[in-house]
Structure formats: C-alpha cells, structure tokens
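Assemble chain B onto chain A, guided by the hints.
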Amino acid sequence: AQTVTQSQPEMSVQEAETVTLSCTYDTSESDYYLFWYKQPPSRQMILVIRQEAYKQQNATENRFSVNFQKAAKSFSLKISDSQLGDAAMYFCAYRSIYTGNQFYFGTGTSLTVIP
Amino acid sequence: DSGVTQTPKHLITATGQRVTLRCSPRSGDLSVYWYQQSLDQGLQFLIQYYNGEERAKGNILERFSAQQFPDLHSELNLSSLELGDSALYFCASSVGASSYNSPLHFGNGTRLTVT
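Protein sequence lines, in the order shown, are assigned to chains A and B.
Here the first sequence stands for residues 1 to 115, where the numbers follow this note's numbering.
Here the second sequence stands for residues 116 to 230, where the numbers follow this note's numbering.
This is chain A alone, in the form it adopts within the complex (with noise of 0.2 Å):
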C-alpha cells in the first residue's frame, strides 16, 4: 500500500509571512492524484489544492500553492501572506487510481500562526 509521511507534527508561521509544509509518498504507480486538506478547530475537512501527477506544472490556489517533484515523491505545500484563519491541521493525501480509488492520508501538520 502506498504510504504518505508528513514529518512536521508542528510547524509555525509569523502573521503574513510564507510557510512551506512538506509530504513525501511512497508509491510504485506512474499516475496518481495529491491533495492537501486543511482541518481547523471546527474539525470540519477543506480541500485546499490538487495536483495530477501527469502535470508537471504545480498547482496554485490564491495564496497556496504546492511544489510537487515527482521523481523526489515530494508534496509539498507553501502558504504565502500567512492569515490567522490559516491555523489548522494540513493533511496531505494521495488518491491511487489503480487500488480501488483508495485515498491514503498523511498523519498531519499542525499550523500555528502568530499575530
């Protein structure tokens, strides 16, 4: 099974500044998806971005964006201009397209953002 290792438990960030949350994954397959989610105190699960593993262009949402190298099985999430509502728990996940759909999380990041 594939395997997603985020190795930041906590990580924190001064008010406006730029946070990179790293993930690696281990996996044999050519194709596949990544995702982050953003969990915050509310415990509600939000999609922050998606990357295809076909695309070598990296993925940007406003203010996120993802540094995705493929060869190095690396995820990694950079939030730039850091928001108070950006605290939150980051979760990494990869979708598998060849394993039934299954989605395999990351144990998580803890974002902690100082005023």
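Misleading hints may appear alongside valid ones.
Covered stretches of chain A (in silico footprint by chain B; criterion: 3 or more residues with CB under 8 Å from a CB of chain B, positions within the stretch not fixed) [to be verified]:
no., region
1, 47-54
2, 64-72
Label pairs and their calculated CB-CB ranges [as the list claims (entries may be wrong)]:
no., chain 1, residue 1, chain 2, residue 2, range
3, B, 186, A, 11, 39 to 49 Å
4, B, 133, A, 74, 40 to 50 Å
5, B, 125, A, 40, 10 to 20 Å
6, A, 15, B, 186, 41 to 51 Å
Heads up, incomplete: computed chain B residues facing chain A, CB under 10 Å, no partners named [what the hints assert, rightly or not]:
no., residue
7, 165
8, 186
9, 188
To be clear, the hints were calculated from the coordinates, so they are not data collected in a lab.
Keep in mind that this is a model prediction, so the values were computed, not measured.
Cβ atoms here follow ideal geometry from the backbone N, Cα and C, with glycine treated the same way.
This is chain B only, laid out in the frame that chain A set:
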C-alpha cells in the same frame, strides 16, 4: 458546503450500546468512504463503498459494519461500544470510477461520545 450530509452531528451513548451513523453523499458521487478520527489524531480509514458494493476495508473493527443502499446513502453501525470508540466519524464521497481527479468531499462528521 461540501454537499455531504451526516447525521446526527452529535451522539452520546453508553458503553455496550449500538448506534447508527448516516451519510448522504454529494449528488452524483458513487463512492462513500468512512473515516474515524480520535482526538488529536489523524484519519483512520474504515471502509469504502462504490455504488452499493464494498470496495475496500481498512482498520474497521468486527464490531463495526456498514452498508451503502440503492439510493447511495450509507450507514455505519457501531455495536458493543467501548470508551475508546469515542471519536469523530467522517463520511466522505467521491465520484469514483474514471473521475480520478475528483477529491474526497467530507461531511461535517458525527461526534460520538461513549460514556
């Protein structure tokens, strides 16, 4: 609003009891996934259904069972409840099949407290 509806929002019950959690997927989504999230923990995959059929099983206890009905709603049954079953239970849906870039859309979860 993700379009995924979970009921009830909160459930308090005693050890040894049985409860049923209900999920209505987003319109058009055929796959339903159930996840368990204990306090300050990651997401534990329980089970997945696709168009009424079980597709994958994760760390689901034998005391737990689920099904997806012809109208695509799903129910998760938890029996002989223990204190350790207290958690937030998420239902998520996805289009499934060939729409591999479709993310998981999460409901707001059912918070189960076993006393």
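Hints and how they fare:
no., hint, in the structure
1, 47-54, "holds (count 3)"
2, 64-72, "violated (count 0)"
3, B:186 with A:11: 39 to 49 Å, "holds (42 Å)"
4, B:133 with A:74: 40 to 50 Å, "holds (44 Å)"
5, B:125 with A:40: 10 to 20 Å, "holds (18 Å)"
6, A:15 with B:186: 41 to 51 Å, "holds (46 Å)"
7, 165, "holds (7 Å)"
8, 186, "violated (21 Å)"
9, 188, "violated (19 Å)"
Hint compliance for this structure: hints 2, 8 and 9 are not met, and every other hint is.
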